[in-house]
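Taking the hints into account, I'd like the entire structure generated from these sequences.
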Amino acid sequence: MKNKKFTPSLIAAGLALSSFSALADNDRYIIQVDNNAKGIVKALAKQSGAEIHVDADGFIAATFSGKSLDDVKGLLNNPHVKLVEADQKRVPLALFNDDAGDPTQTQLTPYAVYQSQADQVVFDSNAGMKVCVIDSGLDSSNADFNWSAITGDNDPGTGNWFENGGPHGTHVAGTIGAADNGFGVVGMAPGVDMHIIKVFNASGWGYSSDLAQAAQLCSQAGANIINMSLGGGGANSTEENAFKDFVAAGGLVVAAAGNDGNNVRSYPAGYSSVMMIGANDADNNIADFSQYPSCNTGRGKRVTTDETICVEVTAGGVDTLSTYPAGGASLSSMSADGVGFASSAMENTGTASGATYFLGLGDTVDTGAAGKVCVIDRGSVSFYDKVNNCELSGGVGAVIVNNEPGMLYGTLGDTNNTSIPAVGAAFEDRSALVAASTIDISIGASDYGYMSGTSMATPAVAGIAALVWSNHPTCTGEEVRSALKATAMDAGAAGKDDFFGYGIAQAADMNAYLTQNGCAGGDNGGGDNGGGDTGGTGDLTLTANGYKVKGRQQVDLSWADATSSNVDVYRDGSVVATTANDGAYTDALNVKGGGSYSYHVCEAGTTTCSATVSVVF
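Those letters in the sequence shown? Residues -24 to -1, 1 to 593, per mature numbering (1 follows the signal peptide of the UniProt record, and there is no 0), in order.
Keep in mind that the hints were calculated from the coordinates and are not lab data. These numbers come from a predicted model, not from an experiment. One should not assume that every hint holds.
In silico SDA-like cross-links for lysine to any residue, where the CA-CA straight-line distance does not exceed 25 Å [unchecked claim]: (1) K65 / G180; (2) K106 / D156; (3) K18 / L51; (4) K526 / D548; (5) K524 / K220; (6) K568 / T273; (7) K526 / V592; (8) K220 / D129.
Simulated DEER-style distance windows between Cβ atoms [unchecked claim]: (9) N157 / P55: 56 to 62 Å; (10) R278 / S101: 47 to 53 Å; (11) G276 / G135: 33 to 39 Å; (12) N157 / G50: 54 to 60 Å; (13) G158 / G135: 30 to 36 Å; (14) S395 / D46: 54 to 60 Å; (15) I28 / S195: 19 to 25 Å; (16) G34 / T273: 58 to 64 Å; (17) E139 / I28: 47 to 53 Å; (18) L45 / A564: 45 to 51 Å.
For glycine and all other residues, C-beta sits at the position ideal for the given N, C-alpha and C.
In structure tokens:
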């Protein structure tokens, strides 16, 4: 799936920001303080001309106009000040939205629900699960929520949590918990209790201090799970500590990996206490925008592997249907000879009905299309030219059919001056559409729409966690996190990889796993890696250090707590050696250049294995 062109309205709404396009203001800082002396520090800050924005447990955040970090450290040279650091900017992570379907007519189930097996598990509403959504607010104009089970808090300056600061937060919340009520869409954990914290300002971003305080508010609200479909550059210790505290108290925190399609680590997802979530599409392919930071840090013999600082699992995040503020989205519907077909809105609201006219590639004017709905193949000329030629031919509507498998998504460009409704259609439906006698299309405002991004995958995992956790309420957040990894469906390269982590989250498999093994589980997370159970037993541990000797790759493996006389050493899912259980083995690959490898060890001839670790050269 290729990234689609942004529409002006989407950019204006601030929903398509790159995860690192906006850096923190250089004059806003977090000051960690002793609570019993906070008043002294606040007074000192105000005397220095600061404007205080956040006053939370153990820290404040303030703007010191025109002053550098070193300037502020000098001004606040006080024994009660523990640390002064930059207040990093955080932005919502959603790339684009495409409109399709008509959920106003009936309740629709998004593809990610089926893909993640969430439709096979029943949510227990009596278990007391609560998901805290830190985002741009949840608009009360959308009726597809169990509003009696939703509370919220406002961040300073953001306005009411129940009024949208753009559709992002409403879309995210719908993926988690839209109600199973016969209309609209259904969430992963339908009707789950939610606590909404609105942190994004009118410009579409917030700060790391906002997230740190939000974590405290989530805890105070009794939340089990925190969802953050957001991120940005630069780690922040205050922010990191807030999520550590939430997890230490038994919670689970999930955050978006980022949408830049590179290996840069985004925060807060990059903290060890936070589970990093990537995005896949409906065909189990990784989304081309999903970031994939390495699990490794250091170089040579000092390289270490930490699977908690990279993608751990993925979920559907491409063309995700969910809730919008009332009338905030545009959706299309299409039928041919009275039979409904999937479509995507391209441009121009309105309806069109008429006889079908096949306009070929739509590269010329053809008066035979007068009064008819044009069916046009993709290719040769721009989408705008195709629709414009249809309209100049007297056509009343246009359907552009993809020239490769899948739905056609697109726009007519910023200079579009056509007026007839135009929709995209899937290549698989081409024959039926061309052969149809009549076609009806409609594009109109809706309470439901499509977005794509790791922002959309993250609430899917949060909802899956709430769904399954509701059936195993004695588990801790870290146990739920391990179960998500242990049961993920392997995708992409065999075994754990940087793109998918352990794979695509699977609710039914996770539920069965916890039912069979209890909260402690049968391993430490690992999924089906195609080479036996590589998730680990909870006892057998493995570390791997890669380095080069005269330019050739070698990997030193060290393990502990195996009980057999021999162990099997696996590289990339295949046994490369059976060796004595002496705790060490060197894999001399005799290869120059770069490469990445996944290792695990098992007690010989068994599926009692360590977790998989990766080495990258």
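So, going through the hints one by one against the coordinates:
no.	hint	result
1	K65 / G180	holds, 10 Å
2	K106 / D156	holds, 17 Å
3	K18 / L51	holds, 12 Å
4	K526 / D548	holds, 24 Å
5	K524 / K220	violated, 36 Å
6	K568 / T273	holds, 20 Å
7	K526 / V592	holds, 17 Å
8	K220 / D129	holds, 21 Å
9	N157 / P55: 56 to 62 Å	holds, 57 Å
10	R278 / S101: 47 to 53 Å	holds, 50 Å
11	G276 / G135: 33 to 39 Å	violated, 51 Å
12	N157 / G50: 54 to 60 Å	holds, 58 Å
13	G158 / G135: 30 to 36 Å	holds, 32 Å
14	S395 / D46: 54 to 60 Å	holds, 58 Å
15	I28 / S195: 19 to 25 Å	holds, 22 Å
16	G34 / T273: 58 to 64 Å	violated, 28 Å
17	E139 / I28: 47 to 53 Å	violated, 24 Å
18	L45 / A564: 45 to 51 Å	holds, 47 Å
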